[in-house]
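Asker: Sequence lines, in order, name chains A and B.
Each number in my numbering comes from the position in the first sequence (counting from 1) with 1 added on.
Each number in my numbering comes from the position in the second sequence (counting from 1) with 7 added on.
Just so you know, these hints were derived from the structure itself, not from any lab.
Since we're looking at a predicted model, the values are computed, not measured.
Glycine residues also receive a C-beta, built at the ideal position from the N, C-alpha and C atoms.
A hint or two may mislead.
Said to hold, decoys possible - Which stretches of chain B does chain A cover? Using the computed rule of at least three CB atoms under 8 Å from a CB of chain A, they are:
# : region
1 : 32–42
2 : 111–122
3 : 181–188
Stated by the list, open to error - Within a straight-line C-alpha distance of at most 25 Å, the following computed SDA-like cross-link-like pairs (lysine to any residue) qualify:
# : chain 1 : residue 1 : chain 2 : residue 2
4 : A       : Lys144    : A       : Ala215
5 : B       : Lys237    : A       : Ala286
6 : A       : Lys144    : B       : Arg20
What the hints assert, rightly or not - Covered stretches of chain A (in silico footprint by chain B; criterion: 3 or more residues with CB under 8 Å from a CB of chain B, positions within the stretch not fixed):
# : region
7 : 144–151
8 : 276–287
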Amino acid sequence: MNDRDNPARSGGPTGNAPRYSGWIGRLAGSSAYRFSIGMLAQSRAGRLAMLLAVPLLWIVVFHIGPIFQLARISFLQQFPIPAGSSGAYTWANYQIFFADSVYFVPFVRSLIFSACVTLAALVIVYPVAYYVAKVVDPRRRTKALLLLLVPFWAGELIRTFSVIMLLANRGAANVLMRELGLIDRPIPLLYNYFSLSFGVLYLIALFMLLPLYAAIEKIPSHLVDAAADLGAGPLTRFRRIILPLSKDGIVSGCSLVFLTCVGVFASPLLLGGPGTVIFPEIISAFFHGASDKWPVGAAFSMIMLVAALAIAGLFMRIVGGSRSTRFM
Amino acid sequence: MSNKSFLFADAPRTMLTGFYWAFVIYLLGPLLLMFAMSFKDATFIAFPISNWTLDWYAKVVQDQQFLSAFVYSLFIAFATTCFATIIGVWISMLISAEGIWGKALLFALACLPAVVPGMISAISLRIFVSVLDMQTGTAAIIMGHTVHAVPFVVIMVLTRLRTMPANLVDAARDLGADSFIAFCRVTLPFLGPALVGGMIFCALTSIDDFVRTFFLGGYRPTLPMLIFAKVQGGMSPEINAMATLVVIVTAAVGLYAERLTRRSRIS
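Work the whole structure out from these sequences, hints included.
Answerer: Have a look at this one:
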């Protein structure tokens, strides 16, 4: 049955090749095709080359390349390397980071901020994901999910801008509170940690929602019913069945959100103030203007990248435990 | 088995419903405020709104800067989507092929750009561009966006391919198609709507992207760059109208893409 070398194919380019109708037939029948892709597809080595070439090239050049260059430049004394000298490698750029608390404090602040936002997102989004996956009428489930998805297509900047609308001194929140007589004059909601975390949470909630929803939806209802029949109360059922079975969703959701939080850029620029300087702003300052400070910026980026990936990886290892936890 | 008995009795159920709607308000509220503000008849942004007008929309539609940024963003999104789809599908074919060694590693490397935090990815691309002696500008932006989009195409195509019976391609090849023809006639149509949905999402993420464009862009602003510049340089109500138009278009396109991917998931 699986005769892969049937006569139609092993007949060579000039053999009695099969005929197709339509554009694909004209393509397959053309001599240009038969002597290019057709030839390659005839032989096993050709097929393998066709399959391997572009993906491997792309992954090596564009997926590994930039990160590798980032790492390389972080060890350079000067960038671009001055003509006539071979670039000398040094640890000095990394030492700058540890020498001054001006850099160290925003770094720690950034990690703590990301961890807090991740935790907040988990606590807030879990009930929502649970509601959409299990409580809502199945016929309306898609609509309930779409209602949550639509705002996320609006884009990072537009959503950040709309948060400014809400929280500004003469924004909706302050005006509403004043109308209700709760406050006499506007309270500063913008340009502090409140606005920053509000805005970032607004940006990343989707990355928590989708993995959680996918995980909770897969939990078979009869497991929970069985637990209920055996006398488990709502809390026990949640703790012993639903929480452990949605662990995959929690792990991938938290990792995604954490990694995204670490790399936020527009929100701190627009929603943060002088008191909320987090690490991405520090890094980007090295890349404005001339390129002589790039190696330091690259070193800082490497520290950030390694720290973020290590924390996410450790979290996956500790909480996830199993090898089944992936980003899919 | 009914869902009613799933976890809670009725009281917590109402609580969950309330929580869901509170979350919907949290997500939609700021956008609706922006929407309302775009009709305000005044030259500064502040609540409450007493007079209403459509002037801002008339301004936006005639604004050359906006139109040029919009067209530029569309062009970049189109190019990004074409490249990302071709490369993403190609990588997925390699990962899903039989007898390929190191699939887990390949998959991890293919997804690498998706887990690198946005800011660091943008900086590494900026360095990469200057190592290659490229200019910042259109080509650099398209490259950056494509690198970012490929992992999502790969994940989506692999998810869809997993539901495809392997013997479909075998059958085509037994009937005499070479592997390229079998790919064109069997695999691609099977990916069909899911692929189109994924392509639309690629385009949407490219139009949304700010941080990569910020570091890789040249002098001509894309849509997010233009909005960023306007937000930083004093708030004009024009931004509201501009953003509202963008939201309506992206939401409509996004809903359509969602329908495409969902329909293909059922079939």
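Asker: With reference to the structure, classify each hint as holding or not holding.
Answerer: Evaluated hints:
Here's how the region 32–42 of chain B fares: 8 of its residues keep a CB closer than 8 Å to some CB of chain A, so the rule of at least three is met and the hint holds. Counting residues of the region 111–122 of chain B whose beta carbon lies closer than 8 Å to any beta carbon of chain A gives 8, which reaches the threshold of three, so the coverage claim holds. Residues of the region 181–188 of chain B with a Cβ under 8 Å from some Cβ of chain A number 8, which satisfies the need for three, so the listed coverage holds. Between lysine 144(A) and alanine 215(A), the direct Cα distance comes to roughly 16 Å. Compliance with the 25 Å bound is thereby established for this hinted pair.
In summary, the hint linking lysine 237(B) to alanine 286(A) is supported, as the alpha carbons are separated by about 21 Å, within the 25 Å threshold. For the given pair, lysine 144(A) sits about 19 Å from arginine 20(B) by alpha-carbon distance, which is consistent with the 25 Å threshold. Coverage of the region 144–151 of chain A by chain B holds. Counting CB-CB distances below 8 Å, 6 residues qualify, and the rule asks for three or more. By the rule of at least three residues with a Cβ nearer than 8 Å to a Cβ of chain B, the coverage given for the region 276–287 of chain A holds, with 3 such residues.
The structure meets every hint from the earlier list without exception.
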